[in-house]
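2 protein chains.
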Amino acid sequence: TSVSVGDDEEEDDILQKCKGFMSMPVTDVKLLRQKKGETSTRMEMLIMETQAAFCRALEEVDGGKFKVDRWERDEGGGGVSCVLQDGEVFEKAGVNVSVVFGHLTEEAAKQMRSRGKTLKGVDGKLPFRAMGVSSVIHPKNPHIPTVHFNYRYFEIEEADGSKQWWFGGGTDLTPVYIDQADIVHFHSTLKEACDKHHPKFYAKFKKWCDEYFFIRHRGESRGIGGIFFDDLDSPSQKEVFAFVKSCAETVVPCYLPIVRKHLNDTFTSQEKDWQQVRRGRYVEFNLVYDRGVKFGLATPGSRIESILMSLPLTARWEYMHEPPKGSREAQILEVLRNPKQWVS
Amino acid sequence: TSVSVGDDEEEDDILQKCKGFMSMPVTDVKLLRQKKGETSTRMEMLIMETQAAFCRALEEVDGGKFKVDRWERDEGGGGVSCVLQDGEVFEKAGVNVSVVFGHLTEEAAKQMRSRGKTLKGVDGKLPFRAMGVSSVIHPKNPHIPTVHFNYRYFEIEEADGSKQWWFGGGTDLTPVYIDQADIVHFHSTLKEACDKHHPKFYAKFKKWCDEYFFIRHRGESRGIGGIFFDDLDSPSQKEVFAFVKSCAETVVPCYLPIVRKHLNDTFTSQEKDWQQVRRGRYVEFNLVYDRGVKFGLATPGSRIESILMSLPLTARWEYMHEPPKGSREAQILEVLRNPKQWVS
Chain A
1 TSVSVGDDEE EDDILQKCKG FMSMPVTDVK LLRQKKGETS TRMEMLIMET
51 QAAFCRALEE VDGGKFKVDR WERDEGGGGV SCVLQDGEVF EKAGVNVSVV
101 FGHLTEEAAK QMRSRGKTLK GVDGKLPFRA MGVSSVIHPK NPHIPTVHFN
151 YRYFEIEEAD GSKQWWFGGG TDLTPVYIDQ ADIVHFHSTL KEACDKHHPK
201 FYAKFKKWCD EYFFIRHRGE SRGIGGIFFD DLDSPSQKEV FAFVKSCAET
251 VVPCYLPIVR KHLNDTFTSQ EKDWQQVRRG RYVEFNLVYD RGVKFGLATP
301 GSRIESILMS LPLTARWEYM HEPPKGSREA QILEVLRNPK QWVS
Chain B
1 TSVSVGDDEE EDDILQKCKG FMSMPVTDVK LLRQKKGETS TRMEMLIMET
51 QAAFCRALEE VDGGKFKVDR WERDEGGGGV SCVLQDGEVF EKAGVNVSVV
101 FGHLTEEAAK QMRSRGKTLK GVDGKLPFRA MGVSSVIHPK NPHIPTVHFN
151 YRYFEIEEAD GSKQWWFGGG TDLTPVYIDQ ADIVHFHSTL KEACDKHHPK
201 FYAKFKKWCD EYFFIRHRGE SRGIGGIFFD DLDSPSQKEV FAFVKSCAET
251 VVPCYLPIVR KHLNDTFTSQ EKDWQQVRRG RYVEFNLVYD RGVKFGLATP
301 GSRIESILMS LPLTARWEYM HEPPKGSREA QILEVLRNPK QWVS
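Chains as they are written, first to last, in this note's numbering: chain A, 1 to 344; chain B, 1 to 344.
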């Protein structure tokens, strides 16, 4: 009864927003209201909003409904997994939010940062808080590409009480066939979001994406890239959050126009087979190289079904598959073997 | 012209045997004749024989023909890969032989032994010779199990000229449904081969198999086991080779009676789906845990198509798949979660 009018409005805002989410946030709404100015609260609201906006947009185009699973983590925190499987348009669409906390070993904390910074804990243990939204969408039609995005935030408290924090994330596209206009639209949308924050972000994070999503044993990229970044911790929490927010807000405009454009494209069984072979490569990348998957599979108490939600419903491995020269299949392989600049 | 009659006979024997192989051995036949008493020669002949016997038996039951690829390794050696894809009975059947040699780093040599023995090389380099036969057979009918076997031999020469050698291998079965009689036949055949050489081999190698083919993140075994061993280097080269030969000779009698028994079993689309889900788990094990695959993917110059030949033609990942209680699907899951003794 004694809160100011301004506070009331902002509290109402949080409650109001929660009503539009796929499920209540992981953190108690009371706590979010109390800590409404903090980065961890703003990020949790952002990932819940991103999940809801993306799921609603996909539901609209598919006609199906996401199955929503709330889960708790014994060691602290939990998540909300949304999956639409075997829909009209999507073979498997997963949009997962997790907000977890607890204590990390110094070794685990080191592994969480790609730069491998050493962090000092009390008795080798570091209190941490990690949250993120991640999604992989595998459509049925081979002319609609697979998309993946992930935006995440980490906080670690060192022995001296100082807080380390950083953001990571990215969005990338994995088409089965090259459609130049789709790819230019996708990269341009990401570039525009990057350019609002730093003139060098797009070029840097585009390159990082090409390097990260590389299937070494095949000598090819998983897809045609996008952006990828990790360990982003400067100039300030506020500014990096603003950048991540801009990126998260692009997931619908990056992807949905491409889905709608190809919704009614016809396809042959050969095209479907090629999609299945590419899905096999997607599985190879995710199980052999993806840092998030490796970390998840090796971490006790992680929710396997949410981690492996990224795998397609179906995939195929043909021995010695090599598309004929000059074919559309050979064309995309050429691009995957030699990543291109799509926008300048 | 001056060789004894006995030698002539044995030489003829090598040539004669080669005629029945899927392709000529990797090592020049002249060289094999010269070194006919050596373990590496006897092992190369054994793996070629095993490949041929298994391929012919599968061809007979399928009606299709194996595609035979000979390949060379730039760094030394090569192999013969036989694949039958999309056959009448088999969705994907691969039987691969490789004989490779060259120099290993001390670190790589250490990794090749599960016990991690330190080996001393000249300037940190160790001449090695490795050979083996490996196979994975994925049938179409969900009532015919997948089988895998691998028998291999390593030689490493240390700086002081001393030779280290060891054998490894095993055969294991991955059914989609439990057929008690099949499993008892499979394990009994392996036990019989083991018992001829050591009363403790079967129990020890059965346990090792259960431990090795365990999908940690799922808390379940890949299949119902079999035998698995590594680093076998005593009491003598001759005796271990004899054991490995007995094992290799069981691959046809272990598997073919099971294939024939279920050849005409009818199946539902639900049963086919469950097979596809189990194939997904097979892929998870092979890409995340299998030592051979990990070593192969990380080794420059290895033949990716032969390494990943073990992956099924098709696989499926359903979110939160859990078979109904009391179903035949739940029955095998129970067994995979709690490995059993099948023969005593």
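Watch out, some of these pointers could steer you wrong.
Simulated crosslink set (DMTMM-like; lysine to aspartate or glutamate; CA at most 25 Å straight-line) [claimed, not checked]:
#: 1; chain 1: B; residue 1: K65; chain 2: A; residue 2: D273
#: 2; chain 1: A; residue 1: K294; chain 2: B; residue 2: E88
#: 3; chain 1: A; residue 1: K125; chain 2: A; residue 2: D86
#: 4; chain 1: B; residue 1: K272; chain 2: A; residue 2: E305
#: 5; chain 1: B; residue 1: K294; chain 2: A; residue 2: E220
#: 6; chain 1: B; residue 1: K294; chain 2: A; residue 2: E322
#: 7; chain 1: B; residue 1: K272; chain 2: A; residue 2: D86
#: 8; chain 1: A; residue 1: K207; chain 2: A; residue 2: E249
#: 9; chain 1: B; residue 1: K65; chain 2: A; residue 2: E322
#: 10; chain 1: A; residue 1: K272; chain 2: B; residue 2: D210
#: 11; chain 1: A; residue 1: K325; chain 2: B; residue 2: E305
#: 12; chain 1: A; residue 1: K140; chain 2: B; residue 2: E318
#: 13; chain 1: A; residue 1: K65; chain 2: B; residue 2: E318
#: 14; chain 1: B; residue 1: K140; chain 2: A; residue 2: E91
#: 15; chain 1: A; residue 1: K294; chain 2: B; residue 2: E318
#: 16; chain 1: B; residue 1: K110; chain 2: A; residue 2: E107
#: 17; chain 1: B; residue 1: K272; chain 2: A; residue 2: D273
#: 18; chain 1: B; residue 1: K294; chain 2: A; residue 2: D210
Computed list of chain B residues with no C-beta within reach of chain A, every gap over 10 Å [claimed, not checked]:
#: 19; residue: E249
#: 20; residue: Q270
#: 21; residue: Q276
#: 22; residue: L313
Calculated directly from the structure, the hints in this document are not laboratory data. Glycine included, C-beta positions come from ideal geometry on N, C-alpha and C.
Quick rundown of the hints versus the structure:
This hinted pair checks out: K65 (chain B) and D273 (chain A) have alpha carbons roughly 23 Å apart, not beyond 25 Å. About 37 Å separates the Cα atoms of K294 (chain A) and E88 (chain B), which puts this hinted pair outside 25 Å; it is violated. Between K125 (chain A) and D86 (chain A) the alpha-carbon distance is near 43 Å, which puts this suggested pair outside the 25 Å criterion. The hinted pair formed by K272 (chain B) and E305 (chain A) meets the criterion: a straight-line CA distance of about 22 Å does not exceed 25 Å.
With a CA separation close to 18 Å, the supplied pair K294 (chain B) and E220 (chain A) stays within the 25 Å bound. With a CA separation close to 23 Å, the supplied pair K294 (chain B) and E322 (chain A) stays within the 25 Å bound. For the proposed pair K272 (chain B) and D86 (chain A), the alpha carbon gap of about 17 Å is at most 25 Å, so the pair holds. Taking the CA atoms of K207 (chain A) and E249 (chain A), the gap is near 21 Å; set against the 25 Å cutoff, the hint holds.
The suggested pairing of K65 (chain B) with E322 (chain A) holds, with an alpha-carbon distance near 20 Å, which does not exceed 25 Å. Of the supplied pair hints, the one linking K272 (chain A) and D210 (chain B) is violated, its CA atoms being roughly 37 Å apart against a limit of 25 Å. Only pairs whose Cα atoms come within 25 Å are accepted, and K325 (chain A) paired with E305 (chain B) is accepted, the gap being roughly 20 Å. Between the alpha carbons of K140 (chain A) and E318 (chain B) the distance comes to roughly 15 Å, so the proposed pair stays at or under 25 Å and holds.
As the CA atoms of K65 (chain A) and E318 (chain B) are separated by approximately 16 Å, the hinted pair is consistent with the 25 Å bound. Of the supplied pair hints, the one linking K140 (chain B) and E91 (chain A) holds, its CA atoms being roughly 23 Å apart against a limit of 25 Å. Distance check on the hinted pair: K294 (chain A) and E318 (chain B) sit about 20 Å apart at the alpha-carbon level, within 25 Å; holds. Restraint check: the Cα-Cα separation between K110 (chain B) and E107 (chain A) comes to about 24 Å, which is no more than 25 Å; the hinted pair holds.
Taking the CA atoms of K272 (chain B) and D273 (chain A), the gap is near 19 Å; set against the 25 Å cutoff, the hint holds. The hinted pair formed by K294 (chain B) and D210 (chain A) meets the criterion: a straight-line CA distance of about 23 Å does not exceed 25 Å. For E249 (chain B), the non-interface assignment is confirmed: its Cβ lies about 27 Å from the closest Cβ of chain A, beyond the 10 Å cut-off. The claim that Q270 (chain B) lies off the interface holds: its Cβ sits roughly 14 Å from the closest Cβ of chain A, which is beyond the 10 Å cut-off.
Not every CB of chain A lies more than 10 Å from the CB of Q276 (chain B), the least distance being 7 Å, so the non-interface label is violated. Non-interface call for L313 (chain B) relative to chain A: violated, since the shortest CB-CB distance, roughly 6 Å, does not exceed 10 Å.
Violated hints for the displayed structure, listed by number in ascending order: 2, 3, 10, 21, 22.
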